[in-house]
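Asks: Protein sequences appear in the order of chains L and S. Note that this note's numbering numbers the first sequence so that position 45 is 45, with each residue one more than the last. Note that this note's numbering numbers the second sequence so that position 218 is 218, with each residue one more than the last.
Some hints here could point you the wrong way.
Here are the computed lysine-lysine pairs in the DSS-like style, where the Cα-Cα straight-line distance is at most 27 angstroms [unchecked claim]:
#1 Lys376(S) to Lys356(L)
#2 Lys60(L) to Lys73(L)
#3 Lys376(S) to Lys392(S)
#4 Lys15(L) to Lys389(L)
#5 Lys356(L) to Lys392(S)
#6 Lys255(L) to Lys315(L)
It is worth saying that the hints were derived from the structure and are not from the lab.
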Amino acid sequence: MISLAGRDIAHSWSKFVLTGMGLGLLIGVTLTMAGVYRGMVDDAHALLNNSGADLWVVQKDTQGPYAESSSLKDDEVRGVRGMPGVAQAANVTYFTMQVQGADGSDTRAMVVGIESGQSGEPGYLVAGRQITRGHYEAVADVKTGFALGERIRIRRHDYTVVGLTQRMVSSGGDPMVFIALKDAQEAQFLKDNDAIQNDRTRTATNPAFNRPGVPGLLDAVQALQTSSHSVNAVLVQLAPGFGAEQVAEPIRRWKHLQVFTRAGMEEILVAKLIATSAKQIGMFLVILAIVSAAIVAFIIYTMTLGKIREIAVLKLIGTRNITIASMILQQALGLGLIGFIVGKVAATIWAPVFPKFVLLLTQDAFTGLIVTLVICALASTLAIRTALKVDPAAAIG
Amino acid sequence: MKQALVLRRIGLGALAVALVATLAFVALRTGPLAPIRVTVTSVQEGTLRPAIFGIGTVEARRSWMLGPTVAGRVLNVRVDVGETVKAGQLLAEMDPVDLDQRLAALDAALARAASTRAAAQAQVADAMARRELAALNAQRNQDLAAKNFISPNALENRLQEKASADAALQAAQANLSGTAQDITRQKAERSALQQQRGNVRLLAPADGVVTSRDAEAGSIVVAGQPVLRLIDPASLWVRMRVDQGRSAGLAPGLKASIVLRSQPRTPLQGQVARVELLADAVTEERIAQIAFATPDASASVGELAEVELQLPETASTVLLPNASIQRLQGQTGVWRLSEGKPAFTPVRLGASSLDGRVQVLDGLKAGDSVVVYSQKALAEGARVQVVDALVKTAAGGAP
Chain L
1 MISLAGRDIA HSWSKFVLTG MGLGLLIGVT LTMAGVYRGM VDDAHALLNN
51 SGADLWVVQK DTQGPYAESS SLKDDEVRGV RGMPGVAQAA NVTYFTMQVQ
101 GADGSDTRAM VVGIESGQSG EPGYLVAGRQ ITRGHYEAVA DVKTGFALGE
151 RIRIRRHDYT VVGLTQRMVS SGGDPMVFIA LKDAQEAQFL KDNDAIQNDR
201 TRTATNPAFN RPGVPGLLDA VQALQTSSHS VNAVLVQLAP GFGAEQVAEP
251 IRRWKHLQVF TRAGMEEILV AKLIATSAKQ IGMFLVILAI VSAAIVAFII
301 YTMTLGKIRE IAVLKLIGTR NITIASMILQ QALGLGLIGF IVGKVAATIW
351 APVFPKFVLL LTQDAFTGLI VTLVICALAS TLAIRTALKV DPAAAIG
Chain S
1 MKQALVLRRI GLGALAVALV ATLAFVALRT GPLAPIRVTV TSVQEGTLRP
51 AIFGIGTVEA RRSWMLGPTV AGRVLNVRVD VGETVKAGQL LAEMDPVDLD
101 QRLAALDAAL ARAASTRAAA QAQVADAMAR RELAALNAQR NQDLAAKNFI
151 SPNALENRLQ EKASADAALQ AAQANLSGTA QDITRQKAER SALQQQRGNV
201 RLLAPADGVV TSRDAEAGSI VVAGQPVLRL IDPASLWVRM RVDQGRSAGL
251 APGLKASIVL RSQPRTPLQG QVARVELLAD AVTEERIAQI AFATPDASAS
301 VGELAEVELQ LPETASTVLL PNASIQRLQG QTGVWRLSEG KPAFTPVRLG
351 ASSLDGRVQV LDGLKAGDSV VVYSQKALAE GARVQVVDAL VKTAAGGAP
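Taking the hints into account, I'd like the entire structure generated from these sequences.
Replies: Structure follows, in structure tokens:
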């Protein structure tokens with residue numbers, strides 16, 4: 001028994017391989033689109049993982065610090081540390097802004113203010129070291145493009161990049177720059193010099209703050225306006241043996257703060273923050289999948305139509321229908337397999353070039369393989385139907 | 001024909017094998033199946049020089065605020081910002097208002113008191129003359145009365161005259177001492193007024209430089225409100241704030257390297273002059289004053305400075321880069337490579353230096369292989385691939 005399919009492919013192999021490659025690129029695009037969607041969700045998860053927290057304590061009635069703004073006084077952390085089940089609590093600030101590199105170019109980054117040695121610190125580095133000085137040092141994500149030792153400018157201070165890390169991104173995919181908490185507090189609330197001067201003048205002209213009989217009042221008010229003791233959230237790590245909700249509840253009740261557990265935070269980030277854009281990508285993915293399926297079906301159908309004369313000859317010499325059907329099915333599956341492999345390899349090659357993270361999951365690839373093969377099989381039934389209907393007389397007519 | 005077909009089949013087969021091989025390579029090199037690339041270091045013993053880093057502002061150790069002790073109007077200000085002044089120099093004057101007139105009035109009152117005193121002295125002399133006459137008359141009449149030449153009534157009259165003359169003398173003398181006290185009082189009042197008059201002159205309490213001129217001639221200031229501020233430029237120091245968590249070892253006498261914001265390239269030498277007993281509870285910082293080794297004229301008060309204090313070298317222990325320290329479920333430790341697999345090893349840390357090295361007190365021994373950098377977070381027993389560096393750096397090490 002000779003393989004009819006193999007013979008046929010060997011006969012016009014270049015056409016077959018090229019069709020498979022074309023199909024592969026299409027599948028590659030579909031896989032990439034799935035990867036973009038997964039990457040988006042993974043960015044949100046990476047943000048949660050990297051913070052190293054079990055609980056997020058934020059301003060009451062807000063969904064901060066990622067989805068909404070939240071502001072707490074930085075001494076709240078001491079009260080939280082005293083609550084049962086809290087192993088560690090650390091202040092943290094998040095602030096998305098333009099960070100200026102040494103060459104003057106701007107990079108959009110999320111500036112994170114951390115207390116060194118506490119949760120919130122980057123969990124792993126790819127180069128350099130963690131922050132050791134209490135001021136003016138930074139650890140940056142490699143995606144920012146900053147190099148070790150580079151002087152970057154955040155507001156009015158220059159920071160030295162002492163460490164590099166990877167996959168530390170905000171939910172929007174902006175790379176993070178970690179700096180010391182006190183610097184971050186200053187950077188977050190510090191205005192530019194003109195604004196400060198204007199504010200000073202405004203306060204000085206207000207008779208309530210500049211009374212002739214009370215020397216020193218104006219200075220005190222001015223000093224009060226420029227200092228900041230706010231943070232965006234307190235990251236809490238649980239002591240062993242305590243449940244998240246069990247620790248969260250007393251903080252909500254007695255400290256009058258909002259507390260999110262890991263599950264609650266995921267809900268906010270994945271279901272609320274990136275919901276619309278994720279749906280957008282998801283919708284596009286569905287359409288792309290349908291279009292790919294249709295194109296696969298058409299390709300196999302036209303491939304069969306192109307061989308209609310040969311099939312008629314086969315029929316004429318008395319080939320059984322099942323043999324012809326299996327030939328077409330085998331070719332369709334072969335085409336699907338080549339397409340999938342080319343697509344997967346192509347997606348893997350171009351994924352790292354994307355500016356935002358593209359996560360190609362093995363599980364997605366596996367689903368893609370099954371779907372491709374099923375679509376190929378289904379498409380081949382259409383071609384088989386046409387092939388079987390061919391009049392053997394067409395071979396000579 | 002047949003041979004060509006076989007060749008084609010071999011070619012197709014090779015292509016298929018190549019495709020599958022590529023797929024396998026891609027699947028194993030990327031995604032969750034790929035090994036995590038890490039760099040490792042061999043733990044070594046050594047010593048490190050811990051240091052304390054803090055920022056602060058340049059302040060003057062000795063500064064003065066000159067202002068009036070009572071509310072008033074500024075008459076004139078004789079110096080301006082930046083001028084050097086000597087101790088005792090007249091810097092500004094407050095308007096004395098009526099003080100001079102009141103002094104003149106007191107002078108007049110004093111003169112008048114002197115006249116009153118002269119009058120009182122004359123009165124005493126007069127009273128004494130009257131008393132002498134009355135005493136003589138009384139004496140004479142007593143003799144006459146003893147010989148019964150005059151009536152006892154006449155004698156009593158003389159005796160009464162003498163007693164009256166005595167009393168009149170005492171009154172005159174009291175009056176005289178009264179006028180003397182009056183003069184003393186007037187003199188005291190005058191000197192008090194003189195003091196007040198002197199007080200409206202604002203004199204430099206010591207040698208210094210004028211740093212601000214807060215009121216101009218004609219403006220009204222309340223008691224205690226500054227008109228001028230002075231500092232002693234030789235007494236500039238840096239008020240340094242250090243995170244309490246990193247302030248271990250902070251003590252007076254430590255050598256310091258001061259970098260002023262205006263001169264980031266030239267560190268200045270200094271020394272911890274004082275460590276304040278009171279720490280800031282709100283900012284969780286300790287406060288220390290760093291004196292310059294040589295007074296620096298270029299430093300400006302209020303300028304930001306970065307200070308690095310060198311602590312004595314530690315004893316030789318196991319050292320690690322701080323990038324290798326991880327926190328897992330509340331435990332501090334490192335990923336130690338044993339037989340090519342990472343295993344979390346809890347460690348106890350000691351002092352750390354500013355260049356990112358940390359002392360390990362226990363948990364590791366020299367020669368252990370420890371993961372420094374990793375591409376992503378590690379887990380117990382994860383597949384790792386050891387490489388030299390994860391990113392290309394120009395210098396290849398920590399700055």
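Asks: Look at each hint and say if it fits the structure.
Replies: Right, here's what the structure says about each hint:
With a C-alpha separation of about 17 angstroms, the suggested pairing of Lys376(S) with Lys356(L) holds against the 27 angstroms cut-off. A distance of roughly 12 angstroms separates the Cα atoms of Lys60(L) and Lys73(L); the hinted pair therefore holds under the 27 angstroms criterion. A hinted pair counts as satisfied when its Cα atoms are at most 27 angstroms apart, and Lys376(S) with Lys392(S) qualifies at roughly 17 angstroms. Of the supplied pair hints, the one linking Lys15(L) and Lys389(L) holds, its CA atoms being roughly 25 angstroms apart against a limit of 27 angstroms.
Taken as a hint, the Lys356(L) and Lys392(S) pair is honoured in the structure, with Cα atoms around 21 angstroms apart against an allowance of 27 angstroms. At most 27 angstroms may separate the alpha-carbon atoms for a hinted pair to count; Lys255(L) and Lys315(L) exceed this at roughly 84 angstroms.
The structure fails hint 6 only (numbered hints given earlier).
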